[in-house]
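Engineer: Letter by letter, the chains look like this.
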Amino acid sequence: MNTFLSRLNTIFAFTLSVMAALTFGCFLSTAFKENKTAVDIGTTKAVVKNVPNFAASTRDRNDLGQIAFDLHTELSSLFNWNTKQLFLYLTAEYETKSNKLNQVVLWDKIIRRGETTKLDFKSMNTKYYFFDDGNGLKGNQNVTLTLSWNVIPNAGTLPRIQGEGSYIIQFPDEYKQ
Amino acid sequence: MHAEADAKKGSIMGLLSLDFLNDVRRMNKRQLYYQVLNFGMIVSSALMIWKGLMVVTGSESPIVVVLSGSMEPAFFRGDLLFLTNYQEEPVRVGEIVVFKIEGREIPIVHRVIKLHQKETGEIKFLTKGDNNSVDDRGLYAPGQLWLQRKDVVGRARGFVPYVGMVTILMNDYPKFKYLILACLGLFVLIHRE
Numbered sequence: 001m002n003t004f005l006s007r008l009n010t011i012f013a014f015t016l017s018v019m020a021a022l023t024f025g026c027f028l029s030t031a032f033k034e035n036k037t038a039v040d041i042g043t044t045k046a047v048v049k050n051v052p053n054f055a056a057s058t059r060d061r062n063d064l065g066q067i068a069f070d071l072h073t074e075l076s077s078l079f080n081w082n083t084k085q086l087f088l089y090l091t092a093e094y095e096t097k098s099n100k101l102n103q104v105v106l107w108d109k110i111i112r113r114g115e116t117t118k119l120d121f122k123s124m125n126t127k128y129y130f131f132d133d134g135n136g137l138k139g140n141q142n143v144t145l146t147l148s149w150n151v152i153p154n155a156g157t158l159p160r161i162q163g164e165g166s167y168i169i170q171f172p173d174e175y176k177q
Numbered sequence: 001m002h003a004e005a006d007a008k009k010g011s012i013m014g015l016l017s018l019d020f021l022n023d024v025r026r027m028n029k030r031q032l033y034y035q036v037l038n039f040g041m042i043v044s045s046a047l048m049i050w051k052g053l054m055v056v057t058g059s060e061s062p063i064v065v066v067l068s069g070s071m072e073p074a075f076f077r078g079d080l081l082f083l084t085n086y087q088e089e090p091v092r093v094g095e096i097v098v099f100k101i102e103g104r105e106i107p108i109v110h111r112v113i114k115l116h117q118k119e120t121g122e123i124k125f126l127t128k129g130d131n132n133s134v135d136d137r138g139l140y141a142p143g144q145l146w147l148q149r150k151d152v153v154g155r156a157r158g159f160v161p162y163v164g165m166v167t168i169l170m171n172d173y174p175k176f177k178y179l180i181l182a183c184l185g186l187f188v189l190i191h192r193e
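In order, the protein sequences belong to chains A and B.
The opening residue of the first sequence carries number 1 in UniProt numbering; numbering runs sequentially from there.
The opening residue of the second sequence carries number 1 in UniProt numbering; numbering runs sequentially from there.
No lab work stands behind these hints: they were computed from the structure.
Fair warning: there could be bad hints in the mix.
[Claimed, not checked] Derived list of chain B stretches under chain A, where covered just means 3 residues or more per stretch with a C-beta under 8 angstroms from a C-beta of chain A:
#	segment
1	53-60
2	105-117
3	148-159
Remember, predicted model here, so these are calculated numbers, not experimental data.
By construction, the Cβ of each residue, glycine as well, lies at the ideal position given by its N, Cα and C atoms.
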């Protein structure tokens, strides 16, 4: 029974399965990539203030870190035919008395396919406020800055990779007025 | 001339509906039972796959469709996300989580941008959509500043574009949903090898 509808149905089903197979192949071809590369990070300014936490609209006075950073890296090796975009984020990770682990994203950037992959920033300001959850930034000698990326594929997994290279910020022992 | 026109009309009608009815009429009881059972099998295996996925992934909704543009250009409306929610894997900054807010029915897919973990392992974190200019505190329940582990429904692990478009259409046009369901149901009941 070769009606118009049954032919349409067959074509549609076949197209769908071919596309599904191709998509899966595309995912497989890039699934085992490491997505690693080197990153150079530095800071040109690191001060800490004690101010009311306006970001959380509470009255508590929290430590607010203010830094300016240098960032230098070349990410073209992360792009392949199954990379739609990279989501880059600069993380500050540290330990305080009240918290075993603190992670704060200070800056992020989206690099879409075709955009420039060479990053060379000097004395960049952060995009988000670096508020601690309490008063753990003053005199903190071990705040680690790292750049990571979340690879967004055309279809597939969403790996998050930390760049090779970090920088340790040492905050001063005095609040800046 | 007249007969030819009639024949044509007949074939078009047959194309639309009469063939189906004739098919049903030609079926005997056994075949009818068989078709109904077949239909039941399809429904129950779909349910089994869904529930099985829930067990394997640990998430109460292992597959979600992106409903808003707040994560563009990573995820657009109608893209499909696969989620897992293993309790032993820690939530970390940069991860895309799906969470529920009290008083909101639809879960939100956003990225973690700030996280504090106590010695006991208890965490609180803040999220933000890539495409939004501010963090999500305005979306949380009144007075809520942080999310906790229990708010997380799943964490994005895999991504397929466009596949959820049908769901979006069905949500936006409920009549379309009933049409699809009716067509599928009819097809399964009528179709014979």
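Engineer: Evaluate each hint against the coordinates.
Structural biologist: Going through the hints against the structure:
1. 53-60: violated (count 0)
2. 105-117: Holds: 6 residues of the segment 105-117 of chain B have a Cβ under 8 angstroms from chain A.
3. 148-159: holds (count 4)
Of the numbered hints listed earlier, the single one contradicted by the structure is hint 1.
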